[in-house]
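Colleague: In order, the protein sequences belong to chains A and B. Using numbering that gives the first Met the number 0, the first residue of the first sequence is number 0, and each one after it goes up by one. Using numbering that gives the first Met the number 0, the first residue of the second sequence is number 0, and each one after it goes up by one.
Don't take each hint at face value.
Distance condition first, Cα-Cα at most 25 Å in a straight line; then the derived PhoX-like pairs of lysine-lysine [as the list claims (entries may be wrong)]:
(1) A/Lys217 <-> A/Lys227
(2) B/Lys21 <-> B/Lys119
(3) A/Lys39 <-> B/Lys119
(4) B/Lys155 <-> A/Lys39
(5) A/Lys142 <-> B/Lys155
(6) B/Lys120 <-> A/Lys39
If you want the footprint, here are the derived chain A segments under chain B, 3+ residues with CB under 8 Å [stated by the list, open to error]:
(7) 37 to 51
(8) 264 to 277
(9) 340 to 348
(10) 359 to 373
Label-pair restraints from in silico Cβ distances [stated by the list, open to error]:
(11) B/Ala91 <-> A/Asp362: 19 to 27 Å
(12) B/Asp138 <-> A/Asp29: 27 to 35 Å
(13) A/Ala21 <-> B/Leu172: 30 to 38 Å
(14) B/Leu130 <-> A/Gly232: 19 to 27 Å
(15) A/Ser462 <-> B/Gln51: 49 to 57 Å
(16) A/Pro463 <-> B/Leu172: 55 to 63 Å
(17) B/Asn17 <-> A/Asn368: 50 to 58 Å
Simulated from the structure, these hints should not be mistaken for lab results. The beta-carbon is built from N, C-alpha and C at its ideal position, and this holds for glycine as well.
Now for the letters of each chain:
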Amino acid sequence: MNHRENIDRSFDGQLSQTEWDALQQAVLADPDLRREYVEKRWIHALLETESEALPSLFAEAVPTPSAKTTVRPLLWLSSAAALLFFAATLFLMWDRHSGDIVATLVEAEGCRWAGSDLPTVEGAGLAPGTLSLMEGMATIQFKSGATVTLEAPGVLVVESAMKCRLVEGSVVADVPESAHGFTIDTEKMEVIDLGTRFGVTTTPLGNSNVFVFEGEVKVRQGESPETKHLLAGHVLVGAADPLSDSDLEVRRSEPLPSPGEDWTPISTAIGEGRDAYVRRGDSHGPTGGHPLLMVKHTDLAENNQRRALLTFDLSSLAGGEIRDARLALKMEASGLGFSSLVPDSRFAVYGIVDEAATRWSEDSFLWKNAGTLVADTLSEDVARRLATFEIRKGAPNEFVETRSDALTDFLRSQSDRPDRPGRHVHLLLVRETGEADQQGLVHAFASKEHPTSPAPTLWIQTSPAE
Amino acid sequence: MADTSPDQAAENYLILLNEHEKSLAAYVYALVSDRHEAEDIIQSCKLTMWKQFDRFEPGSHFVAWARRIALHQILNYRRSAKRKPLYSTDPAFLEAVAAEIDHESDHYSARSEALQECLKKLPENQRRLILLRYYEDHDITSIARETDRTEAAVYKLLSRVRASLNECVTTRLNAPAT
């Protein structure tokens, strides 16, 4: 078989799978062929990358083919002053389909965009293309009348006035009668509207979910021709694939930027540290091995209450006196609920003082056996409210950090008790504020099982040991 | 990046992304056969890079960092059950090709400028072919129909055009600067 000829044919999808497999084997086995493959492939890749610029390139080349008019349009960007301009206009550059506007970006609340190929200023008309939202919330009105709110971080592909595709993130769709049949496509399922308000979420870690607030939608999963009808108040959870080991690749050793030299990070992954959350009703069993710690408070749906428990093992902390402390958590997308339905949220960190409540295990910790820790009002003999922090509506998934004198005092009192073996500190994380709709966002933080983000971490500043 | 405010971080990220976005895209197109799949991966990559930007060491090699993240995304891409892939590809093959690309340590902008110059020299019929294949994203069958050729003739011509572009780019890159 002529592998050299097949290299080119593979770029145009001209090989059968068998021929492609044979070519792959040959390329793997022969370093020279591999070099040749990469060299040819790179030209093909450059043509794909520059594909949008080809017509203008050819047009400009017609009069004087030899004229050197190499364009380096973005060189001026080295000036930071140009940046604001750049952020607003970069995404206007390629406008091949400017004729067929199918939607309008009606609102862009606190939005920061990552390389979207569509205009991202409020009021802009949108042709088919992709919107990548790093921060904020964007509302898109399709010509059919359907309105879709995209929450960051998210990637939405606008396909037509009646269709979009959610690559990642969460959307809430409001679909009037004129747009019945409006479809949101995700990797796992296709959601077809039958006159409703509904939401769809997808996360790189977890599930694709559909929530119906009002009316009815039709859902088709995978290749199955069958559709399921979902009515108001119903939720459909798409199965998530298990995480592969290679997802662990980017884990970093340093948990967080250090506040200073005399600070020591103690994460829940160190020593006998533990972390888990509980949900009222315990529908999913113990969560000790879960990559996310989910936290939620709502008065609208009893079984959606969630609290997280963190145990830190301070035995590796150097001897000196504790001077200051901070708790740092990395926010993650939970894939559950919608941040557009939750106002700014306040969280409280409690220090657990009830001896019995501190003897919890990751394998068996459930709401029903959490006893006093899940009471609506936590009593002073069980846990002390030490610190609070706030997460803004639509905030990006970044680190949140909180400190207080009460937290420092608590660590001091807990880590200095000769009557207790080990130096364990137990904290309870509670959301104090509720939501406007029961499909409001479930906040999530990386646990020590998270494949890429750092575990909950206490940064502790100690005086030099004597 | 403890002393960097979120705004400053976003600004730093956008500057780096803008400078190297095409290099990243070419890398993904070099490894992923299906164009739509590649486009999805590029978008997800940009978002993942932003999410992990606090872990990027300022001053280190952004392209190398971006390529690591991209390769990870490519290897872990969960293909939509609804879309049949062009080919299924062996992860070992992807890793070997990725290593070869890294080995070449390509300077994207120089090569891309050279390619642009070379493209301008193509005769009209070859330009049309390149436009149909890469700009219009047509497959060989429909190009054959539109240009009134056989499929075998189309792919032979395409492969010849790419070979001549390759040769032209290599010559330009090796020529002393004028």
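Colleague: Each hint: holds or not?
Modeller: Results for each hint:
Restraint check for A/Lys217 and A/Lys227: satisfied, since their Cα atoms lie roughly 6 Å apart, inside the 25 Å limit. Distance hint between B/Lys21 and B/Lys119 is fulfilled; the C-alpha atoms sit about 20 Å from each other, no more than 25 Å. Straight-line distance between C-alpha atoms of A/Lys39 and B/Lys119 comes to about 19 Å, which keeps the hinted pair within the 25 Å bound. Using a Cα cut-off of 25 Å, the hinted pair B/Lys155 and A/Lys39 holds, with the two alpha carbons roughly 14 Å apart.
Restraint check: the Cα-Cα separation between A/Lys142 and B/Lys155 comes to about 44 Å, which exceeds 25 Å; the hinted pair is violated. Among the hinted pairs, B/Lys120 with A/Lys39 is consistent with the structure: their alpha-carbon atoms are about 19 Å apart, no more than 25 Å. Counting residues of the stretch 37 to 51 of chain A whose beta-carbon sits less than 8 Å from any beta-carbon of chain B gives 15, enough to reach three: the coverage restraint holds. Using a Cβ-Cβ cut-off of 8 Å, 0 residues of the stretch 264 to 277 of chain A lie near chain B, which falls short of the minimum of three, so the contact claim is violated.
Under the rule that three or more residues need a Cβ within less than 8 Å of chain B, the assignment of the stretch 340 to 348 of chain A is violated, with 0 such residues. Remark: the stretch 359 to 373 of chain A is not confirmed as covered by chain B, as 0 of its residues place a Cβ nearer than 8 Å to a Cβ of that chain, below the required three. A C-beta distance of roughly 37 Å is found between B/Ala91 and A/Asp362, which places it outside the suggested range of 19 to 27 Å. With their beta carbons about 29 Å apart, B/Asp138 and A/Asp29 fall inside the hinted range of 27 to 35 Å.
Taking the beta carbon of each, A/Ala21 and B/Leu172 are about 32 Å apart, inside 30 to 38 Å as hinted. Here the CB-CB span from B/Leu130 to A/Gly232 is close to 52 Å, at odds with the stated 19 to 27 Å. Evaluation of the 49 to 57 Å hint for A/Ser462 and B/Gln51 yields a failure: the beta carbon distance comes to about 35 Å. For A/Pro463 and B/Leu172, the hinted distance range of 55 to 63 Å is satisfied, since their beta carbons lie about 58 Å from each other.
Against the hinted window of 50 to 58 Å, the Cβ-Cβ separation of B/Asn17 and A/Asn368 comes to about 53 Å, which satisfies the hint.
In summary, the structure is inconsistent with hints 5, 8, 9, 10, 11, 14, 15 from the numbered list given earlier, while agreeing with the others.
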